[in-house]
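Undergrad: So the chains spell out like this:
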Amino acid sequence: MGVRITGIGIVSAIGLSVEENLLALTEGRSGIAPAVFFQEASRNLLVGEVKVSDNDLKTQLGTGAANISRTSLLGLKAAREAWGSNVHTPALRTGIISATSVGGMDRSEVFYKDYLAQNNPDFSLLKTHDSGSTTERIAAVMGISGYINTLSTACSSGANAIMLGARLLIHGKLDRVLVGGSDALTKFTIDGFRSLMIYDDQWCRPFDESRSGLNLGEGAAFLLLENDKSIAFSGNKTLCYVSGWANAADAYHQTASSPEGKGATLAIENAIHRSEVTAQGISYVNAHGTGTKNNDLSESVALKNVFGENIPAFSSTKAFTGHTLAAAGAIEAVFSVLSIQHNLIYPNLNFRKAITETGLEPVTSLQTDKPVDAVLSNSFGFGGNNSSLVFTKK
Amino acid sequence: MFYISAASSISHQPTFKNAGFSAFIGPLTESSALVSPDYKGFIEAGLLRRMSKILRMSVACSKDCIEQAGIEQPNAIVVGTGLGCLQDTEKFLNNSITIEGLLPPTAFIQSTHNTMAGQISLSIGNHGYNMTHTQNTLSFEHALQDAMLLLNEGEKHILVGAADEYIEILTEISGQLNIRPETLLASGASFFVLSKEKTTASLAVVKDCVTTGLVQDIPEKIASFLSDNGLKASDLDLILYSGASNGLNHDDVFLKTLPASLGKCVDYLQLSGIYPTASAFALHYAADLMNQNKSLKNILIYNSLIQRNLGLTLVQSIEA
Chain H
1 MGVRITGIGI
11 VSAIGLSVEE
21 NLLALTEGRS
31 GIAPAVFFQE
41 ASRNLLVGEV
51 KVSDNDLKTQ
61 LGTGAANISR
71 TSLLGLKAAR
81 EAWGSNVHTP
91 ALRTGIISAT
101 SVGGMDRSEV
111 FYKDYLAQNN
121 PDFSLLKTHD
131 SGSTTERIAA
141 VMGISGYINT
151 LSTACSSGAN
161 AIMLGARLLI
171 HGKLDRVLVG
181 GSDALTKFTI
191 DGFRSLMIYD
201 DQWCRPFDES
211 RSGLNLGEGA
221 AFLLLENDKS
231 IAFSGNKTLC
241 YVSGWANAAD
251 AYHQTASSPE
261 GKGATLAIEN
271 AIHRSEVTAQ
281 GISYVNAHGT
291 GTKNNDLSES
301 VALKNVFGEN
311 IPAFSSTKAF
321 TGHTLAAAGA
331 IEAVFSVLSI
341 QHNLIYPNLN
351 FRKAITETGL
361 EPVTSLQTDK
371 PVDAVLSNSF
381 GFGGNNSSLV
391 FTKK
Chain Z
395 MFYISAASSI
405 SHQPTFKNAG
415 FSAFIGPLTE
425 SSALVSPDYK
435 GFIEAGLLRR
445 MSKILRMSVA
455 CSKDCIEQAG
465 IEQPNAIVVG
475 TGLGCLQDTE
485 KFLNNSITIE
495 GLLPPTAFIQ
505 STHNTMAGQI
515 SLSIGNHGYN
525 MTHTQNTLSF
535 EHALQDAMLL
545 LNEGEKHILV
555 GAADEYIEIL
565 TEISGQLNIR
575 PETLLASGAS
585 FFVLSKEKTT
595 ASLAVVKDCV
605 TTGLVQDIPE
615 KIASFLSDNG
625 LKASDLDLIL
635 YSGASNGLNH
645 DDVFLKTLPA
655 SLGKCVDYLQ
665 LSGIYPTASA
675 FALHYAADLM
685 NQNKSLKNIL
695 IYNSLIQRNL
705 GLTLVQSIEA
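Respectively, the protein sequence lines represent chains H and Z. Under this note's numbering, the first residue of the first sequence carries the number 1, and numbering increases by one thereafter. Under this note's numbering, the first residue of the second sequence carries the number 395, and numbering increases by one thereafter.
It should be emphasised that the hints constitute simulated quantities derived from the structure, not laboratory data. Where a beta carbon is used, it is the ideal one built from N, C-alpha and C, also for glycine. Warning: the hint list may mix true and false statements.
Simulated pairs of lysine to any residue, SDA-like, Cα-Cα distance not exceeding 20 Å [what the hints assert, rightly or not]:
1) H:LYS173 - Z:LEU543
2) Z:LYS615 - H:PRO90
3) Z:LYS601 - H:GLY172
4) H:LYS113 - Z:ILE561
5) Z:LYS592 - Z:LEU543
6) H:LYS127 - Z:GLU562
7) Z:LYS615 - Z:LEU649
8) H:LYS113 - Z:LEU564
9) H:LYS293 - H:ARG352
10) H:LYS127 - Z:LEU579
11) H:LYS127 - Z:GLN701
12) H:LYS394 - H:GLY235
13) H:LYS113 - Z:THR565
14) Z:LYS658 - Z:PHE415
15) Z:LYS590 - H:ARG167
16) Z:LYS601 - H:HIS171
17) H:LYS229 - H:HIS88
18) Z:LYS688 - Z:SER628
19) Z:LYS688 - Z:ALA595
20) H:LYS173 - Z:GLU547
21) Z:LYS601 - Z:LYS626
22) Z:LYS658 - Z:SER689
23) H:LYS187 - H:VAL52
24) H:LYS187 - Z:LYS485
25) H:LYS293 - H:ALA354
Derived, one-sided and incomplete: chain Z residues facing chain H with beta-carbon distance under 7 Å [as the list claims (entries may be wrong)]:
26) LEU497
27) TYR523
28) LEU571
29) LEU608
Which bits of chain H does chain Z cover? Going by a derived footprint, with three or more residues having C-beta under 8 Å, they are [stated by the list, open to error]:
30) 106–113
31) 119–128
32) 136–143
33) 146–157
34) 164–173
35) 247–254
36) 374–388
If we strip away everything but chain H, and leave its shape as in the complex, we get (with noise of 0.2 Å):
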């Protein structure tokens, strides 16, 4: 059985809201450009921004002035779309999941240099760096108390969120709960994927075989999840439904996947087999797609595991929004809901040659003839912790 969505709400380097998202994506337009908001990424450098300042945001968002992590002010900003109209009622227990990788990294950053300098550090900025504040700030601004939860799991955060909310419901601990991610850009992870060597200086070319790695980028993302009872309350129409979810451990490697793909394969194995859709079954498969060397053929190896010379259509759409980290599991149901709205399967931008070993072609034009009734959506992250997610039109 699956769990309801009955609100989608988006914020990403391709757009400031669903609809906006939604046109670049059939537009084929990516968001991947020199950095104009974030002033600590060196010149050039190709970064998945989202368009707006943190200034604009709070505007917007009408938060005031007060000290506010980019990750909590993304967030907000998506969650309030996936709320929509809806309104608070003693009746219904509602509840908060977000993913975040960084936190409130971004204003820890301006501190800690000041503070090494010793330049009048302000601790105060301090007091976002913990993830779970950025997502209780969230909560706070949205009128939501009780479960507020943050998960971290690196890449795989914001499957995750969608995955624990999904169980929470189905064991009656809530009536409904927004769950998504968010990150924002920070010099820490920018810094980190360029240590590792798998920051593409170019644009990010997932699943080619010229790949060379990831271009980072920010967003946030969160669905609305609900039950039976809620719906009765709230009249809301249902989207599609989060029909399977698995988190696998690769146990092969801190950062690496392994080249069998284990982890992966077991994630997306249980994760369809929990949706009872059937490996034939899937119309798309949103993959995680990141553009470095070993993610893509790990996936590859892990798709051909699972279904064989039969592999569905499918894409990795990082191209369009850059690595969002814990935000990417988020962002991506987002794209997978629509999907499955619109029938539409993405281009994956930037794919020219197939890897060698897998010979597997990614589609590279918008698809809008064929029905699609189910997607897979991939998310792994480091540690070895992958997540896959099943979403169905029924």
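Once you've looked at the hints, dock chain Z against the given chain H.
TA: Structure of chain Z alone, referenced to chain H:
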């Protein structure tokens, strides 16, 4: 009913591989330090050199738990951490600001919050569900709730725990921000095997665990938590609460409502020191106490280390 079939803590107290520690530990003094075991027995030397304190503590406690429980593999690994891998985070942040050019990646790799859960899965070759919760002072309770969900979904044994590490800058930060500056800031890790079935190894039962973020009315929440579990405050044999260091606990909104006839209340932060997931230490302490003293049937862990966030865990003796 969820059975604790193993418990292992590394803390500022002699807790590691020391069943019965609850009988003789007292409040920490200012000079107290982390009591570290010889990690070489748990972690291969090459790996150990690169591991920060929080990773060492987490992997050693996990391996100890699995041995105690006598299981091959847990079905899942669930970890809570309030602040994550601070040592490596600060190290990489420092490098990123002060070094031009290519940086060594190890600190970045080990800075993500799920490094503990990842390293545990690597060290025991576990391919199960692997999760990391980080909700400041409620991180452990959220991990515990996740483990309870997994057992209700049909899993048998879950390795669940929490860890946080102290780094020097925390003292300066807490002083500057006036966060309990007189209380000892500490490091600690506590891990458990939580099981569906009772065995001869079972130490205690986790009956229920509830979290309330941005809580409004603490006494009301506690009353409904107890009544949901068929209890009144007077049924509690012990309350482990997160006090303050300045002796102001008679003002605590819940504790001051309790009848004078009630047994003891113990401030577990005096024993563990302060870190975001110190309530995991309290759970081990409660289980250890129950194993020593059969008259203890119901222990409430009342975590309000951050006032706006309430964590309630009901621990019961095996026979209760």
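Undergrad: Work down the list of hints and note, for each, if the structure agrees.
TA: Outcome of the hint check:
1. Proposed proximity of LYS173 (chain H) and LEU543 (chain Z) is supported: the alpha carbons are some 10 Å apart, at most 20 Å.
2. This hinted pair checks out: LYS615 (chain Z) and PRO90 (chain H) have alpha carbons roughly 14 Å apart, not beyond 20 Å.
3. Proximity of LYS601 (chain Z) to GLY172 (chain H) is assessed by CA-CA distance (about 17 Å); at most 20 Å being required, the pair is judged to hold.
4. For the proposed pair LYS113 (chain H) and ILE561 (chain Z), the alpha carbon gap of about 18 Å is at most 20 Å, so the pair holds.
5. Straight-line distance between C-alpha atoms of LYS592 (chain Z) and LEU543 (chain Z) comes to about 17 Å, which keeps the hinted pair within the 20 Å bound.
6. For the suggested pair LYS127 (chain H) and GLU562 (chain Z), the alpha carbons sit about 17 Å apart, so the restraint of at most 20 Å is met.
7. A hinted pair counts as satisfied when its Cα atoms are at most 20 Å apart, and LYS615 (chain Z) with LEU649 (chain Z) qualifies at roughly 13 Å.
8. In summary, the hint linking LYS113 (chain H) to LEU564 (chain Z) is supported, as the alpha carbons are separated by about 16 Å, within the 20 Å threshold.
9. Under the criterion of a C-alpha separation no larger than 20 Å, the hint pairing LYS293 (chain H) with ARG352 (chain H) is consistent with the structure, at around 15 Å.
10. Using a Cα cut-off of 20 Å, the hinted pair LYS127 (chain H) and LEU579 (chain Z) holds, with the two alpha carbons roughly 17 Å apart.
11. With a C-alpha separation of about 15 Å, the suggested pairing of LYS127 (chain H) with GLN701 (chain Z) holds against the 20 Å cut-off.
12. Of the supplied pair hints, the one linking LYS394 (chain H) and GLY235 (chain H) holds, its CA atoms being roughly 18 Å apart against a limit of 20 Å.
13. Using a Cα cut-off of 20 Å, the hinted pair LYS113 (chain H) and THR565 (chain Z) holds, with the two alpha carbons roughly 18 Å apart.
14. Of the pairs offered as hints, the one joining LYS658 (chain Z) and PHE415 (chain Z) holds, with about 18 Å between alpha carbons and a cut-off of 20 Å not exceeded.
15. Using a Cα cut-off of 20 Å, the hinted pair LYS590 (chain Z) and ARG167 (chain H) holds, with the two alpha carbons roughly 18 Å apart.
16. As the CA atoms of LYS601 (chain Z) and HIS171 (chain H) are separated by approximately 16 Å, the hinted pair is consistent with the 20 Å bound.
17. Of the supplied pair hints, the one linking LYS229 (chain H) and HIS88 (chain H) holds, its CA atoms being roughly 14 Å apart against a limit of 20 Å.
18. Between the alpha carbons of LYS688 (chain Z) and SER628 (chain Z) the distance comes to roughly 18 Å, so the proposed pair stays at or under 20 Å and holds.
19. Of the pairs offered as hints, the one joining LYS688 (chain Z) and ALA595 (chain Z) holds, with about 16 Å between alpha carbons and a cut-off of 20 Å not exceeded.
20. This hinted pair checks out: LYS173 (chain H) and GLU547 (chain Z) have alpha carbons roughly 14 Å apart, not beyond 20 Å.
21. Under the criterion of a C-alpha separation no larger than 20 Å, the hint pairing LYS601 (chain Z) with LYS626 (chain Z) is consistent with the structure, at around 15 Å.
22. Proximity of LYS658 (chain Z) to SER689 (chain Z) is assessed by CA-CA distance (about 13 Å); at most 20 Å being required, the pair is judged to hold.
23. Restraint check for LYS187 (chain H) and VAL52 (chain H): the C-alpha separation of about 18 Å stays at or below 20 Å, so the hint holds.
24. Distance hint between LYS187 (chain H) and LYS485 (chain Z) is fulfilled; the C-alpha atoms sit about 14 Å from each other, no more than 20 Å.
25. Our distance criterion of 20 Å between C-alpha atoms is met by LYS293 (chain H) and ALA354 (chain H), whose separation comes to about 12 Å.
26. Interface hint status for LEU497 (chain Z): upheld, as the beta-carbon distance to the closest one in chain H is roughly 4 Å, under 7 Å.
27. Because the closest C-beta pair between TYR523 (chain Z) and chain H is about 5 Å apart, less than 7 Å, the hint holds.
28. Interface restraint check for LEU571 (chain Z): the shortest CB-CB distance to chain H comes to about 6 Å, inside 7 Å, so the restraint holds.
29. Among the interface hints, the one on LEU608 (chain Z) holds; its C-beta lies about 4 Å from the nearest C-beta in chain H, closer than the 7 Å criterion.
30. Chain Z is given as covering the region 106–113 of chain H, and this holds because 4 residues of the stretch bring a CB closer than 8 Å to a CB of that chain, at least three being needed.
31. As drawn, the region 119–128 of chain H meets chain Z at 4 residues by the rule of a beta-carbon pair under 8 Å; at three or more, the given contact holds.
32. Evaluation of the coverage hint for the region 136–143 of chain H: fulfilled, as 3 residues show C-beta separations to chain Z shorter than 8 Å, against a requirement of three.
33. Interface restraint, the region 146–157 of chain H with chain Z: holds (9 residues with C-beta to C-beta distance below 8 Å; minimum three).
34. A stretch counts as covered by a chain when three or more of its residues have a beta carbon under 8 Å from one of that chain; for the region 164–173 of chain H and chain Z the count is 5, and the coverage holds.
35. Against chain Z, the region 247–254 of chain H contributes 8 residues with a C-beta closer than 8 Å to a partner C-beta. That satisfies the three-residue criterion, and the hint holds.
36. With 5 residues carrying a beta carbon less than 8 Å from a beta carbon of chain Z, the region 374–388 of chain H meets the three-residue requirement, and the given coverage holds.
In summary, this structure violates none of the numbered hints.
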